[in-house]
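Each chain, written out:
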Amino acid sequence: MPETNDLATLRGIVKRYGTQTVLDDVSLDVAVGERLVLCGPSGSGKSTLISCINGLVRHDQGKIVVDGIEVSHRSGTLPAVRSRVGMVFQQFNLFPHLTVLENCTLGPRKLRGLSRAESDALAVAQLKRMRIVDQAHKRPSQLSGGQQQRVAIARALCMQPALMLFDEPTSSLDPEMVKEVLDVMIEMAHSGMTMIVVTHEMGFARQAADRVVFMDQGRIVEQGPPERFFNSAVDARTRAFLSRILAR
Amino acid sequence: MKADLVRSASAGATAARVLRWWHRNFFDGWINMLLAVGGIWLLATTLPGLWRWLVTESSVAPASYGDCLSAGGACWSFLQAKWRLILFGTYPFEEQWRAGLSTIIFLMAVVLSCIPGLWLGSTRRWFMCALWIAVLGTVMVLMPGGMFGLPRVEHRLWAGLPLTLGFAAIGCCCAFGLAILLALGRRSDMRLMHWLCVGYIEFIRGVPLISLLLLATILFPLLVPPEVDVDQLLRAQIAFVMFFAAYLAEAIRGGLQAVPPGQSAAAQAIGFGYWRTQIHIVLPQALRVALPSLVNTFIAALKDTSLVSVVAMMDLLGTANAAKADPNWWGLYIEPYLFVALIYFALCAGMSWYARGLERRLAGEKKGTQRA
Numbered sequence: 001m002p003e004t005n006d007l008a009t010l011r012g013i014v015k016r017y018g019t020q021t022v023l024d025d026v027s028l029d030v031a032v033g034e035r036l037v038l039c040g041p042s043g044s045g046k047s048t049l050i051s052c053i054n055g056l057v058r059h060d061q062g063k064i065v066v067d068g069i070e071v072s073h074r075s076g077t078l079p080a081v082r083s084r085v086g087m088v089f090q091q092f093n094l095f096p097h098l099t100v101l102e103n104c105t106l107g108p109r110k111l112r113g114l115s116r117a118e119s120d121a122l123a124v125a126q127l128k129r130m131r132i133v134d135q136a137h138k139r140p141s142q143l144s145g146g147q148q149q150r151v152a153i154a155r156a157l158c159m160q161p162a163l164m165l166f167d168e169p170t171s172s173l174d175p176e177m178v179k180e181v182l183d184v185m186i187e188m189a190h191s192g193m194t195m196i197v198v199t200h201e202m203g204f205a206r207q208a209a210d211r212v213v214f215m216d217q218g219r220i221v222e223q224g225p226p227e228r229f230f231n232s233a234v235d236a237r238t239r240a241f242l243s244r245i246l247a248r
Numbered sequence: 001m002k003a004d005l006v007r008s009a010s011a012g013a014t015a016a017r018v019l020r021w022w023h024r025n026f027f028d029g030w031i032n033m034l035l036a037v038g039g040i041w042l043l044a045t046t047l048p049g050l051w052r053w054l055v056t057e058s059s060v061a062p063a064s065y066g067d068c069l070s071a072g073g074a075c076w077s078f079l080q081a082k083w084r085l086i087l088f089g090t091y092p093f094e095e096q097w098r099a100g101l102s103t104i105i106f107l108m109a110v111v112l113s114c115i116p117g118l119w120l121g122s123t124r125r126w127f128m129c130a131l132w133i134a135v136l137g138t139v140m141v142l143m144p145g146g147m148f149g150l151p152r153v154e155h156r157l158w159a160g161l162p163l164t165l166g167f168a169a170i171g172c173c174c175a176f177g178l179a180i181l182l183a184l185g186r187r188s189d190m191r192l193m194h195w196l197c198v199g200y201i202e203f204i205r206g207v208p209l210i211s212l213l214l215l216a217t218i219l220f221p222l223l224v225p226p227e228v229d230v231d232q233l234l235r236a237q238i239a240f241v242m243f244f245a246a247y248l249a250e251a252i253r254g255g256l257q258a259v260p261p262g263q264s265a266a267a268q269a270i271g272f273g274y275w276r277t278q279i280h281i282v283l284p285q286a287l288r289v290a291l292p293s294l295v296n297t298f299i300a301a302l303k304d305t306s307l308v309s310v311v312a313m314m315d316l317l318g319t320a321n322a323a324k325a326d327p328n329w330w331g332l333y334i335e336p337y338l339f340v341a342l343i344y345f346a347l348c349a350g351m352s353w354y355a356r357g358l359e360r361r362l363a364g365e366k367k368g369t370q371r372a
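These protein sequences, in sequence, are chains G and U. Numbered as in this note's numbering, the first sequence ends at 248 without a single skipped number. Numbered as in this note's numbering, the second sequence ends at 372 without a single skipped number.
By construction, these hints were calculated from the structure, which means they are not laboratory data. Glycine included, C-beta positions come from ideal geometry on N, C-alpha and C. Keep in mind that a hint or two might mislead.
[Stated by the list, open to error] Examples of chain G residues toward chain U, derived with CB under 8 angstroms:
(1) R82
(2) Q91
(3) L101
(4) L106
(5) K110
(6) L114
(7) S115
Build the full structure now, drawing on both the sequences and the hints.
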């Protein structure tokens, strides 16, 4: 296999639920350090697509390679893939029975074999970066949505992933908390992290993305740098979507 | 003069407060009034009789069987003569200190284990594990004997409180472990595993415990070759574990269903495999939710140990029956039953009280009000 600059390659991904085809022959390359925004109407398959990348959803056909490792449910490469891929969810999914700090240290301690002191130092550093270190000893339920989402990002970063997936990270936040989450994400983008972000926040796409990918009905319809994507989209569906979402 | 006034005024205020309290709690509205009057009438008719039976007409120690009968009240001298039989049953009289000591250190270890602070930190956890190994080791030397100069006591002679406690404790622990596996299996994606667990749980729940015990003790020896000799106590224990594992599994399944699917997804995304996800993320949350129904089942299990008497084992209820069968004290049965009822009640009430505290603590912990 030739050396490429791609961190993740997806070739001909198909996913069906029963008779419904959610992903229909999707191919995508993500370069190291690239910031990619995935958008599209609900049900277009964008969340399913990124869930295939770390194997949370099992694709039916096609090939996914992350950092040189093929995502395979049969041959047991999932732990290796997941150690390189971090994920942030719409509903935060923090562990409610653990403190903020424990949420961040559990993975490093159990999976990377770090001592308590090492993992605590790592977690504090990431929580500082997310500007939430002062809440380290609270339970998730004591935090606001925006704070919880920043903890969730810190938790993913503690595993020191090569690629970060964001599944609508601001969709379940109150409007006044969206900015605090986007701010730390923009900062992360500027620090060189490879990111795939499913979002409707077009401001974020303009500010931080290298490429915007538009999906509809399980297919990639159009993609390009944000400048071109927002100003001169070719496909009628893209333009309709953009006019709906930018009119808000 | 002034002090008198103040005192009478405050006494008046207190009286008014008491009256208000009575009014608010018992006489506000005619349904409450009827209930209160009915309750008072019930107490008035039963309490004096109970008092006479328990205290004024009862007879203690030197009183003989005849004295008891003529006094007409509770015959405490009967219990004073029989308490060791009720507590330890057929365990040899001269060796009963061993059974008593085992019971006491076991109960002490249980009480110690109920203090959450003693499980915090790995050093204390190791200490608690060492303590339990020491306790169980001591009990396993003391009860059967046959070493260190202690005469051997066969399993079939074990009886009374140690039998009930050991049977219930070991049974509940093993059943709990099996139940976790059954509950996880029932929710498994693997079809075969799923249906095996469903089949097991539904079958066991459809069968009375007594029939399982009889099956284990009577049918089992007929089915296996005679060389395979499984101890009677062990066979009953296995039946008991199999039975309660099915019930506990359903309680745990209820808890598992309350954990949002996003929790496993997040754990998997971090890189946890199936078992680590269950152990670190899903089960800690599920067991908290399931705690009330788990305790409910544990209490039922403790009391259902009395069913082992149908397979010729002498648990606490069995020893009470043995005590009552003594022809020298013929016709006295309320006292031993009252005695074992009080022991059962103390154990169950203790469990239920502790579980209530635990629930409060866990609820506070989740809200973050208890720990900084």
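Exercise. Does R82(G) pass the interface hint, meaning its C-beta sits closer than 8 angstroms to a C-beta of chain U?
Worked result: At 4 angstroms from the nearest chain U Cβ, R82(G) passes the 8 angstroms test, so the hint holds.
For this session: Using 8 angstroms as the Cβ threshold, decide whether L106(G) counts as touching chain U.
Result: With Cβ-Cβ at 6 angstroms, under 8 angstroms, it holds.
Exercise. Is the shortest C-beta separation between L114(G) and chain U less than 8 angstroms?
Worked result: It is violated, given that the least Cβ distance between L114(G) and chain U is near 13 angstroms, above 8 angstroms.
Problem set entry | Closest C-beta approach of L101(G) to chain U relative to 8 angstroms, hint status | The hint is violated - L101(G) has no Cβ within 8 angstroms of chain U, the shortest such distance being about 11 angstroms.
Problem set entry | chain U contact restraint for Q91(G) - C-beta distance below 8 angstroms | Hint on Q91(G): holds, closest Cβ of chain U at ~5 angstroms, below 8 angstroms.
Exercise. Does the interface hint hold: is K110(G) within less than 8 angstroms of chain U, judged Cβ to Cβ?
Worked result: At about 6 angstroms, which falls below the 8 angstroms cut-off, the nearest Cβ of chain U leaves the hint on K110(G) intact, so it holds.
Problem set entry | Supplied contact hint for S115(G), tested at 8 angstroms Cβ to chain U | Violated. Min distance 12 angstroms.
The structure does not agree with the numbered hints 3, 6 and 7 stated previously, though it agrees with the rest.
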